[in-house]
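Protein chains in written order, with this note's numbering: chain S, 1 to 333; chain C, 1001 to 1333; chain X, 2001 to 2333.
Note that these hints are calculated values from the structure, not bench results. Be careful, since some hints might not be right.
Derived, one-sided and incomplete: chain X residues facing chain S with beta-carbon distance under 8 Å [as the list claims (entries may be wrong)]:
hint, residue
1, Glu2049
2, Glu2076
3, Ala2129
4, Val2163
5, Ala2174
6, Ala2269
Derived BS3-like pairs: lysine-lysine, alpha-carbon spacing no greater than 27 Å straight-line [said to hold, decoys possible]:
hint, chain 1, residue 1, chain 2, residue 2
7, X, Lys2158, C, Lys1067
8, C, Lys1158, S, Lys67
9, X, Lys2014, S, Lys14
10, X, Lys2067, C, Lys1067
11, X, Lys2014, X, Lys2158
12, C, Lys1293, C, Lys1067
13, S, Lys158, S, Lys14
14, S, Lys57, S, Lys14
15, S, Lys158, X, Lys2067
16, C, Lys1057, C, Lys1014
17, X, Lys2014, X, Lys2067
18, S, Lys67, C, Lys1067
Restraint-style ranges between C-beta atoms, simulated for each label pair [stated by the list, open to error]:
hint, chain 1, residue 1, chain 2, residue 2, range
19, C, Pro1077, S, Gly299, 32 to 38 Å
20, X, Arg2290, S, Glu115, 28 to 34 Å
21, C, Asn1113, X, Glu2147, 34 to 40 Å
22, X, Gly2170, S, Thr48, 30 to 36 Å
23, X, Arg2290, C, Pro1288, 23 to 29 Å
Quick caveat: nothing in here was measured; it's all calculated off a predicted structure. Think of the CB as a built atom: it goes at the ideal place given N, C-alpha and C, for glycine as much as any other residue.
Chain residues, written in single-letter form:
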Amino acid sequence: MSDVFAFALGLRHKNADDRVLDCLFPQPLIHPQGDLAEAVQSVPSGCTELTPEVAAKLAAQVGLSAKLAPLLERDEPLVAVKLVDDAPITCIEDAYLKLHLLSHRLSLPNSLNLERIFAHLPNIAWTSAGPIDVNDLDQAILNARSEGLNLEVFAVDKFPKMVNYVVPTGVRIADASRIRLGAYLGEGTTVMHEGFVNFNAGALGPNMIEGRISQGVIVGAGTDLGGSSSTMGTLSGGGEIIVSIGEQCLIGANAGTGIPLGDRCTIEAGVYITGGTPLVVLDEDGQPVREVKGRELAGHSDLLFMRHGLSGQVICRTNRQAIELNNALHAHN
Amino acid sequence: MSDVFAFALGLRHKNADDRVLDCLFPQPLIHPQGDLAEAVQSVPSGCTELTPEVAAKLAAQVGLSAKLAPLLERDEPLVAVKLVDDAPITCIEDAYLKLHLLSHRLSLPNSLNLERIFAHLPNIAWTSAGPIDVNDLDQAILNARSEGLNLEVFAVDKFPKMVNYVVPTGVRIADASRIRLGAYLGEGTTVMHEGFVNFNAGALGPNMIEGRISQGVIVGAGTDLGGSSSTMGTLSGGGEIIVSIGEQCLIGANAGTGIPLGDRCTIEAGVYITGGTPLVVLDEDGQPVREVKGRELAGHSDLLFMRHGLSGQVICRTNRQAIELNNALHAHN
Amino acid sequence: MSDVFAFALGLRHKNADDRVLDCLFPQPLIHPQGDLAEAVQSVPSGCTELTPEVAAKLAAQVGLSAKLAPLLERDEPLVAVKLVDDAPITCIEDAYLKLHLLSHRLSLPNSLNLERIFAHLPNIAWTSAGPIDVNDLDQAILNARSEGLNLEVFAVDKFPKMVNYVVPTGVRIADASRIRLGAYLGEGTTVMHEGFVNFNAGALGPNMIEGRISQGVIVGAGTDLGGSSSTMGTLSGGGEIIVSIGEQCLIGANAGTGIPLGDRCTIEAGVYITGGTPLVVLDEDGQPVREVKGRELAGHSDLLFMRHGLSGQVICRTNRQAIELNNALHAHN
Chain S
1 MSDVFAFALG
11 LRHKNADDRV
21 LDCLFPQPLI
31 HPQGDLAEAV
41 QSVPSGCTEL
51 TPEVAAKLAA
61 QVGLSAKLAP
71 LLERDEPLVA
81 VKLVDDAPIT
91 CIEDAYLKLH
101 LLSHRLSLPN
111 SLNLERIFAH
121 LPNIAWTSAG
131 PIDVNDLDQA
141 ILNARSEGLN
151 LEVFAVDKFP
161 KMVNYVVPTG
171 VRIADASRIR
181 LGAYLGEGTT
191 VMHEGFVNFN
201 AGALGPNMIE
211 GRISQGVIVG
221 AGTDLGGSSS
231 TMGTLSGGGE
241 IIVSIGEQCL
251 IGANAGTGIP
261 LGDRCTIEAG
271 VYITGGTPLV
281 VLDEDGQPVR
291 EVKGRELAGH
301 SDLLFMRHGL
311 SGQVICRTNR
321 QAIELNNALH
331 AHN
Chain C
1001 MSDVFAFALG
1011 LRHKNADDRV
1021 LDCLFPQPLI
1031 HPQGDLAEAV
1041 QSVPSGCTEL
1051 TPEVAAKLAA
1061 QVGLSAKLAP
1071 LLERDEPLVA
1081 VKLVDDAPIT
1091 CIEDAYLKLH
1101 LLSHRLSLPN
1111 SLNLERIFAH
1121 LPNIAWTSAG
1131 PIDVNDLDQA
1141 ILNARSEGLN
1151 LEVFAVDKFP
1161 KMVNYVVPTG
1171 VRIADASRIR
1181 LGAYLGEGTT
1191 VMHEGFVNFN
1201 AGALGPNMIE
1211 GRISQGVIVG
1221 AGTDLGGSSS
1231 TMGTLSGGGE
1241 IIVSIGEQCL
1251 IGANAGTGIP
1261 LGDRCTIEAG
1271 VYITGGTPLV
1281 VLDEDGQPVR
1291 EVKGRELAGH
1301 SDLLFMRHGL
1311 SGQVICRTNR
1321 QAIELNNALH
1331 AHN
Chain X
2001 MSDVFAFALG
2011 LRHKNADDRV
2021 LDCLFPQPLI
2031 HPQGDLAEAV
2041 QSVPSGCTEL
2051 TPEVAAKLAA
2061 QVGLSAKLAP
2071 LLERDEPLVA
2081 VKLVDDAPIT
2091 CIEDAYLKLH
2101 LLSHRLSLPN
2111 SLNLERIFAH
2121 LPNIAWTSAG
2131 PIDVNDLDQA
2141 ILNARSEGLN
2151 LEVFAVDKFP
2161 KMVNYVVPTG
2171 VRIADASRIR
2181 LGAYLGEGTT
2191 VMHEGFVNFN
2201 AGALGPNMIE
2211 GRISQGVIVG
2221 AGTDLGGSSS
2231 TMGTLSGGGE
2241 IIVSIGEQCL
2251 IGANAGTGIP
2261 LGDRCTIEAG
2271 VYITGGTPLV
2281 VLDEDGQPVR
2291 EVKGRELAGH
2301 SDLLFMRHGL
2311 SGQVICRTNR
2321 QAIELNNALH
2331 AHN
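The task is simple: from the sequences and hints, build the whole structure.
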């Protein structure tokens, strides 16, 4: 077993005061084994700026010589980041490394220690000229203008967008500004223009995502999120329950959930289910079995949620028999 | 009558392996007549790369000499695409030509044969350096970085955004990333930041669009889509019914429809009507006439849909008398 | 007291026909006093193109020498805009000056005379090469292509995005294309990817904004707008009532309001309250007190709006006693 949690060679942008703005890791490693483990053994743990010789040697050992050739040729300063274990974040470089691990599909959302990430990521102006210290932006806009250039500012945020750093295979992303670095997009996932995926959140693939995947939320294979559908995040009022959505679910357009769902669940377009929503559960014959709060159904499979057009009642249909259903619900109480 | 369905002179981007990435047609023709028909007669059908002489001659004949002058001067390779009929799509060039026909307002949504378009459009990284083969993107990011440049990736998708290719007259588009090439935006249409228009979909104009127009959906003159409102598409769970919205309608913010609407219809903010929604129809005096499913009202005019705040019932008000209404509903059954 | 309402030194883009496209004011002044008032006294009112000498002198007097140095060195033509009072807008320069006053936090939304702003702002193509006259765009795309360059079109709109002109301190903006110049973002405000802020609208800060702040809407300190939540604007069907939201409110995801709210109000996720929504008010013991229309609760504090999952009724809970509540409601009738 490896005694290194993660390792990567990367490139940083810095401002005029030598403050690090971001970090790009073209091919991070998790739990490096064998030759790779040996290669990184001599590297100190933490963040190390490399001499050109060491950079070239390490690049060769971790299989990055070809990719990094244009940088190595110019003696572009490279950095090595070696994390011995998955501890809370202590600097911008290890924050970026963990976000890369997620987007490179080397770690699943909620599997990494991201404690203190907000404290260590600086607020950056993401521009057509690359990342700029937000304090330097005013002057940068005027300087560009004096040279007859346009400086386009895309965002002012702690997190960059994923695709400037990582483009996983087999995905389509209609509006890249809506996927943060640290999103996990599985093979076969399409994120349409209205879709959004936060860091430490993701779709395991294949998925059609036209809704919002909040921080901490994982969506299973074959599940579709309709346009503007919402998954409640723990960062924004969702409370203690971590929402997740199983496989083969369909969350309708403008619908949403504040509870985790199992597999093969459907929420009708325009209906929002929260933990506190009182609703009626119907059995396979459409007969009412019980009144419950949304949270009592958390994680169950084969549920169809809708609000009835005539009674105004939120109902949950299932394909199970009343007795089986009653037992299942009791088991979760 | 012309024996040519469509013709255009265009410009392509290719990758290093000569694979075509996209195609720009500054002024496509549909059913060319008279002199134009004669000009294109000698061009073989399908996609033909032109010699500089032929390119210059054709450009003059189809009225593109001035526009294309900077390209012709450099002997930039041009391509001619001639479609004899509106057959299924066979290559990227004819896919792009049909998308241009829609955005140039030469064809209405749902009037073109777009069969196999997904199969022939490659997945492209749309970047600040233009389209890049998605397989070349990783290296392109590093190469840019080694030259001190920023490569901004805007999307990874089969469809580009419209305004890099076509900007129809008399429109405003607040966020261009949300309008795909192949969208049809009529004169006088404003698409606000929350608006979205897919390919083969559109607003006939004038319209205020702050909601989503899904593939295949057409919105009539004078109709407003409120913020985040949804039209259900056939590509994503809308089933067999093609949604369309007539003239002078108002779809409220966060509302949506899975059924086609006639003229002068309103859906209250936050209400989603699907084909399966049970609802109560009220006559001009507010008296209940009938319980129906949403789909029975498909295509009717002068309807106001809301969910009552006290009964929770979805109701549909109209300005018609009960008896007239009953007949109209029967006629559609 | 100052006899000048506002003053600024700025930079304009023009097209080939000398038509002004936009205007950047790095540091506008409102009601300049003392030395500043004296400095601008000699400047004619309205819009004046400055000679290099006058520009340099004025820049020094208003404290902009350092910032504008790269422009002054090149004798870049600067413009002075001096508004004696807050009159209706008469040209593009004073429109831009007022939009800058808002985004620089020098004026609150709804405090400026913006009459005729739509008439004086031209429709512009906002591109990677800066603003382009929309009539020149087709040719600009082809010219760029002939030079092997990509011209990226970000928007075709009367209003530019804020952050290309003003980046207020202490804010995060995840997708800059969704904040128009003229938005007011107070210290400590985060606008997430789904957030939107129109011109003459804003969040006083600190706020977490994941919903849409329509033109004319102000959101108070400590209030959160959930993902895709909606505030109804007067420009788009909201009618006469100007919506505002007080302090410490929470508008749930996919929820919305067409009425102004006081402090500490909550709207449950997925619920839309309009002025016409009939609903039941419950007192602190959960007992029904009265049926009202939404508009009767306009501006009240300490309200919780939800739609009950079993009755389908829209209810409004409060922490007040029935009798107190009844009086408060009567007072507003």
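Structure-inconsistent hints, enumerated in ascending order: Going through the list in order, the structure violates hints 1, 9, 10, 12, 18, 19, 20 and respects the others.
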